[in-house]
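Chains as they are written, first to last, in the working numbering: chain A, 1 to 278; chain B, 1 to 278; chain C, 1 to 278; chain D, 1 to 278.
Worth flagging that the hints you see were computed from the coordinates, not collected in a lab. Errors might be hidden in some of the hints.
[Unchecked claim] Heads up, simulated DSBU-like pairs for lysine-lysine below, C-alpha to C-alpha not over 30 Å straight-line:
id	chain 1	residue 1	chain 2	residue 2
1	D	Lys147	A	Lys175
2	D	Lys81	A	Lys147
3	B	Lys147	A	Lys147
4	A	Lys147	D	Lys175
5	C	Lys237	D	Lys210
6	B	Lys175	A	Lys55
7	D	Lys10	D	Lys81
8	D	Lys237	B	Lys136
9	A	Lys55	C	Lys136
10	C	Lys175	C	Lys210
11	D	Lys237	A	Lys237
12	A	Lys60	B	Lys175
13	B	Lys237	A	Lys136
14	A	Lys85	A	Lys10
15	A	Lys53	C	Lys147
16	B	Lys53	D	Lys210
17	C	Lys136	A	Lys237
18	C	Lys175	D	Lys175
19	B	Lys175	C	Lys175
20	C	Lys55	B	Lys210
21	D	Lys175	B	Lys237
22	B	Lys147	C	Lys175
23	B	Lys7	B	Lys60
24	C	Lys55	D	Lys175
25	A	Lys210	C	Lys55
[What the hints assert, rightly or not] A few chain D residues that don't get close to chain C, going by computed Cβ distances all over 10 Å:
id	residue
26	Thr66
27	Ile93
28	Val222
All figures in this text were calculated on a predicted structure; none of them were measured in a lab. Where is the CB? At the ideal position from N, CA and C, for every residue including glycine.
There are 4 protein chains.
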Amino acid sequence: MRKKIPKWKKYLNEITFEYSTPAAKIFDGVLLFLIISSITIVMLDSVPSLHLKHKIFFHKLEWAFTVLFTIEYVLRIISAKQPGKFAFSFLGIVDFIAIIPTYLTLLIYTPDILLILRVLRLLRIFRIFRLSHFLKDVNFLAATLYKSIQKITIFMIFAMVLVILLGSLMYLVEKPENGFTSIPECVYWALVTLTTVGYGDVVPVTILGKAVASIVMLTGFVIIAVPLGIVTNEMAKAMRSRDAHTGICKACKMDGHDADANYCKFCGEKFNAINKKV
Amino acid sequence: MRKKIPKWKKYLNEITFEYSTPAAKIFDGVLLFLIISSITIVMLDSVPSLHLKHKIFFHKLEWAFTVLFTIEYVLRIISAKQPGKFAFSFLGIVDFIAIIPTYLTLLIYTPDILLILRVLRLLRIFRIFRLSHFLKDVNFLAATLYKSIQKITIFMIFAMVLVILLGSLMYLVEKPENGFTSIPECVYWALVTLTTVGYGDVVPVTILGKAVASIVMLTGFVIIAVPLGIVTNEMAKAMRSRDAHTGICKACKMDGHDADANYCKFCGEKFNAINKKV
Amino acid sequence: MRKKIPKWKKYLNEITFEYSTPAAKIFDGVLLFLIISSITIVMLDSVPSLHLKHKIFFHKLEWAFTVLFTIEYVLRIISAKQPGKFAFSFLGIVDFIAIIPTYLTLLIYTPDILLILRVLRLLRIFRIFRLSHFLKDVNFLAATLYKSIQKITIFMIFAMVLVILLGSLMYLVEKPENGFTSIPECVYWALVTLTTVGYGDVVPVTILGKAVASIVMLTGFVIIAVPLGIVTNEMAKAMRSRDAHTGICKACKMDGHDADANYCKFCGEKFNAINKKV
Amino acid sequence: MRKKIPKWKKYLNEITFEYSTPAAKIFDGVLLFLIISSITIVMLDSVPSLHLKHKIFFHKLEWAFTVLFTIEYVLRIISAKQPGKFAFSFLGIVDFIAIIPTYLTLLIYTPDILLILRVLRLLRIFRIFRLSHFLKDVNFLAATLYKSIQKITIFMIFAMVLVILLGSLMYLVEKPENGFTSIPECVYWALVTLTTVGYGDVVPVTILGKAVASIVMLTGFVIIAVPLGIVTNEMAKAMRSRDAHTGICKACKMDGHDADANYCKFCGEKFNAINKKV
Chain A
1 MRKKIPKWKK
11 YLNEITFEYS
21 TPAAKIFDGV
31 LLFLIISSIT
41 IVMLDSVPSL
51 HLKHKIFFHK
61 LEWAFTVLFT
71 IEYVLRIISA
81 KQPGKFAFSF
91 LGIVDFIAII
101 PTYLTLLIYT
111 PDILLILRVL
121 RLLRIFRIFR
131 LSHFLKDVNF
141 LAATLYKSIQ
151 KITIFMIFAM
161 VLVILLGSLM
171 YLVEKPENGF
181 TSIPECVYWA
191 LVTLTTVGYG
201 DVVPVTILGK
211 AVASIVMLTG
221 FVIIAVPLGI
231 VTNEMAKAMR
241 SRDAHTGICK
251 ACKMDGHDAD
261 ANYCKFCGEK
271 FNAINKKV
Chain B
1 MRKKIPKWKK
11 YLNEITFEYS
21 TPAAKIFDGV
31 LLFLIISSIT
41 IVMLDSVPSL
51 HLKHKIFFHK
61 LEWAFTVLFT
71 IEYVLRIISA
81 KQPGKFAFSF
91 LGIVDFIAII
101 PTYLTLLIYT
111 PDILLILRVL
121 RLLRIFRIFR
131 LSHFLKDVNF
141 LAATLYKSIQ
151 KITIFMIFAM
161 VLVILLGSLM
171 YLVEKPENGF
181 TSIPECVYWA
191 LVTLTTVGYG
201 DVVPVTILGK
211 AVASIVMLTG
221 FVIIAVPLGI
231 VTNEMAKAMR
241 SRDAHTGICK
251 ACKMDGHDAD
261 ANYCKFCGEK
271 FNAINKKV
Chain C
1 MRKKIPKWKK
11 YLNEITFEYS
21 TPAAKIFDGV
31 LLFLIISSIT
41 IVMLDSVPSL
51 HLKHKIFFHK
61 LEWAFTVLFT
71 IEYVLRIISA
81 KQPGKFAFSF
91 LGIVDFIAII
101 PTYLTLLIYT
111 PDILLILRVL
121 RLLRIFRIFR
131 LSHFLKDVNF
141 LAATLYKSIQ
151 KITIFMIFAM
161 VLVILLGSLM
171 YLVEKPENGF
181 TSIPECVYWA
191 LVTLTTVGYG
201 DVVPVTILGK
211 AVASIVMLTG
221 FVIIAVPLGI
231 VTNEMAKAMR
241 SRDAHTGICK
251 ACKMDGHDAD
261 ANYCKFCGEK
271 FNAINKKV
Chain D
1 MRKKIPKWKK
11 YLNEITFEYS
21 TPAAKIFDGV
31 LLFLIISSIT
41 IVMLDSVPSL
51 HLKHKIFFHK
61 LEWAFTVLFT
71 IEYVLRIISA
81 KQPGKFAFSF
91 LGIVDFIAII
101 PTYLTLLIYT
111 PDILLILRVL
121 RLLRIFRIFR
131 LSHFLKDVNF
141 LAATLYKSIQ
151 KITIFMIFAM
161 VLVILLGSLM
171 YLVEKPENGF
181 TSIPECVYWA
191 LVTLTTVGYG
201 DVVPVTILGK
211 AVASIVMLTG
221 FVIIAVPLGI
231 VTNEMAKAMR
241 SRDAHTGICK
251 ACKMDGHDAD
261 ANYCKFCGEK
271 FNAINKKV
């Protein structure tokens, strides 16, 4: 026999984990505001001049956010249908990481790494994507990227091999005086050039160096087409399959009818909710 | 009973709001020339050396443009079918903003912000897009971007989270002496690198910093594929639906059948070369 | 009665204007070599150190190329079916421009502009595209770009308006001391940033300036999708129409059969050269 | 009569050239580790500070790798079904180049070029692509690029002509004092700008120079669409043809029918759910 869930717990669960009720929407709005404020404080606190002036104020705010996030975390643990599963889910761990650094500062002193952990709070922003009208597109983009990942990995390996070979060639032709002091430096330069970032801190000076640089630039200009082609086509495929699955005609077993079709375009059978298996 | 519109008002309306008559075309041409000239003067007036030399000449021209635009605005208000609706439409407000800054200089002295407002005159250039042979493509591009906006917003939020996390990581690994003085600075650097702009005013110096920079660059090189994929596919969809009008069923007068359909998908009429007007 | 063309003229025409005969292929190869050599000499002659050392040698070579190109031009004029039409065609004018600057140096002394005109010789390289196996793809790419031109023009106007508005905003928020001295300078900076070139000669220093720069960068990162979407889709359309027109079945009047189909996929009619109107 | 292959040779061949057996997988894993380690050592050895400290250690490791790769090469030659064919295949030559430089150092002293040859070991990483679940996508990407190569070549020639012409124009309008000292320098600058790399080591200073730079930037921003469109569409075509295998006709055993065909396009057999094995 299933344990009966008390009414207050059900209500709490609705607020913290659902998104359709008005109470849940207010909760999400407040949470979004708290997350963005918290991150902003972490960022501003890292600016030396502001840190000197508002050190204590930032510290107090930080504790206020931490207490609020702790309350939220406890409420989630209590109201979760499966507390254990929630605690070790991705967002559950992020929730935990979001509050623990501030408490750790009471015990040990390691500001920089803790600071980074607090920035991870930003990941909690993905909760707002639970909002229904976003969800469909988020899933769509995630699915596309997931399907592209193997082809993009192959492209990345290929690009890395190219960058290492071209960087090594550059090490051979360009003088160390111009900043090309070692193969790793040259490979880094080749990456900066191939991705068309082009900082300009290290640039070729000799004619041969400029010739190699030209090859790297043209290569980057053209091979960027590969990940773009992969993502564009996977997205097109996902869109097509989302638009296409409208049902099979019971009479002729053919698929590929438009969503607004009243009759089968192949055998003329009239459609109704029963003959079209969706 | 509808109020009768006088003939001169009808003619004025035709010139200022239509685009097919010869008079309207001349009016549009003159307007285009005035807008571009006016913006050019605003831009040249901001160049210190030219401002010193031609200050009074620019000032006179500015007033000439303002008077002409004021006359145009008054004519539009008079001849508009619904003057109130026009005045508060987007282009109506732009028209108003285009003339008001110059008059305000007579009352108060705030040159810089007023100057920006005068540049907004440029938005009036979109009037020329009323020209019929442009209209179709403008609407097409606008519709595509409008349909892409939600997916691109999601992508932007994701990219911003990525930029903040990678920027924070950079703050952790790279020394402040090399320009990475605070998290906001590092986030700005990460954005400059991810978008492949790469100014080069702040560049990583340590090995770890260069490693993080490499991650940011490769990420930027790959994720740019996402907005491209979105826009390309939405455009493809819009093009397909525009091209899909292949024929109208003689029986039910419905449009939108596939080129290879044997039966009308709406009324079940069997197609042949005669019932489908291509 | 048509005038009879002498045999030697026919043969000359074949060599200079055709591309399928062995003699014409050799002629094209030699010409390609001469064009590239000539451009290389023009480029090397502009390098101050090389100019000092090899001035006379370059001068002699230049005259040699000019004499050879003159002979070629005269042969083309003689052998052309319609000499007048050829002389005023695009490639005819390019041929003329390719030789005239060197002769002009005997009369007047204006080295720099003449030098540029000599570089235009490079346009003659497009003659090699007459080579049959290139022609199809050149026409394909040209047709695609031609069809995209109106949409891209609209995009360009929109981008220019955006660049001017964002540049003006930058002029308002960033100090002249940091290089943002006038609106034209700021607009140039906005263009450098939007196109993700990012020279880094002028960069924002204040927080507000960096905020505006971030907007410009993100805008550039996203709007580049528009021309890509346009070209990709126009190319897709051109490819589809090239692949699709295979013929209409005489029995059922349906189109859209694959090139390798033996039977109509709609009515089962057997295809032959006669029932499929290509 | 075929010579009988001894069992040990068969087993060795399986390990070195196949990828499905557990032994072959371990062999591939070890090899991958050795290649990456070897390249890492070559790269680290080029860093002056590390070279000074760990010179002897690196030298010993280098010899260890070389001996291991030599053993592997000998095993491959012995176990290959056609040793001669393998030795002169692409990967066979790469294998040979991977070991020879170290032995050459015993005879002659030419460190830099030899060093580059050792980096070519990286090409051996493509062996891991033999791994079956990668193979399909590698072939897919390779086939796409191969099909795009002619169109991209034409685009490249066109882009090079554009870069030379725009670079020459820049040489005419911008002063040598600002770094635009010769046509080759200007052409290099135009390439840096067109590909949106934008180092910023040489930037236009005069108004005319900035105007030309703007043209180059906008050109680069738009023409990058061409290779992207080519690759995206070739990829789409390859994907479609891979997905098009929808069923085999029971009568003539032919494949490649459209999903909505009623009759086999090769033999005219009427389709039904039974004759088309999906």
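Hints versus structure:
| no. | hint | result |
| --- | --- | --- |
| 1 | D/Lys147 <-> A/Lys175 | violated, 38 Å |
| 2 | D/Lys81 <-> A/Lys147 | violated, 38 Å |
| 3 | B/Lys147 <-> A/Lys147 | holds, 23 Å |
| 4 | A/Lys147 <-> D/Lys175 | violated, 52 Å |
| 5 | C/Lys237 <-> D/Lys210 | violated, 37 Å |
| 6 | B/Lys175 <-> A/Lys55 | holds, 21 Å |
| 7 | D/Lys10 <-> D/Lys81 | holds, 9 Å |
| 8 | D/Lys237 <-> B/Lys136 | holds, 29 Å |
| 9 | A/Lys55 <-> C/Lys136 | violated, 69 Å |
| 10 | C/Lys175 <-> C/Lys210 | holds, 12 Å |
| 11 | D/Lys237 <-> A/Lys237 | holds, 12 Å |
| 12 | A/Lys60 <-> B/Lys175 | holds, 27 Å |
| 13 | B/Lys237 <-> A/Lys136 | holds, 18 Å |
| 14 | A/Lys85 <-> A/Lys10 | holds, 17 Å |
| 15 | A/Lys53 <-> C/Lys147 | violated, 60 Å |
| 16 | B/Lys53 <-> D/Lys210 | holds, 23 Å |
| 17 | C/Lys136 <-> A/Lys237 | holds, 29 Å |
| 18 | C/Lys175 <-> D/Lys175 | holds, 27 Å |
| 19 | B/Lys175 <-> C/Lys175 | holds, 28 Å |
| 20 | C/Lys55 <-> B/Lys210 | violated, 46 Å |
| 21 | D/Lys175 <-> B/Lys237 | violated, 49 Å |
| 22 | B/Lys147 <-> C/Lys175 | violated, 38 Å |
| 23 | B/Lys7 <-> B/Lys60 | violated, 36 Å |
| 24 | C/Lys55 <-> D/Lys175 | holds, 21 Å |
| 25 | A/Lys210 <-> C/Lys55 | holds, 24 Å |
| 26 | Thr66 | holds, 43 Å |
| 27 | Ile93 | holds, 30 Å |
| 28 | Val222 | violated, 5 Å |
Violated hints, listed in ascending order, are 1, 2, 4, 5, 9, 15, 20, 21, 22, 23 and 28; each of the other numbered hints is respected by the structure.
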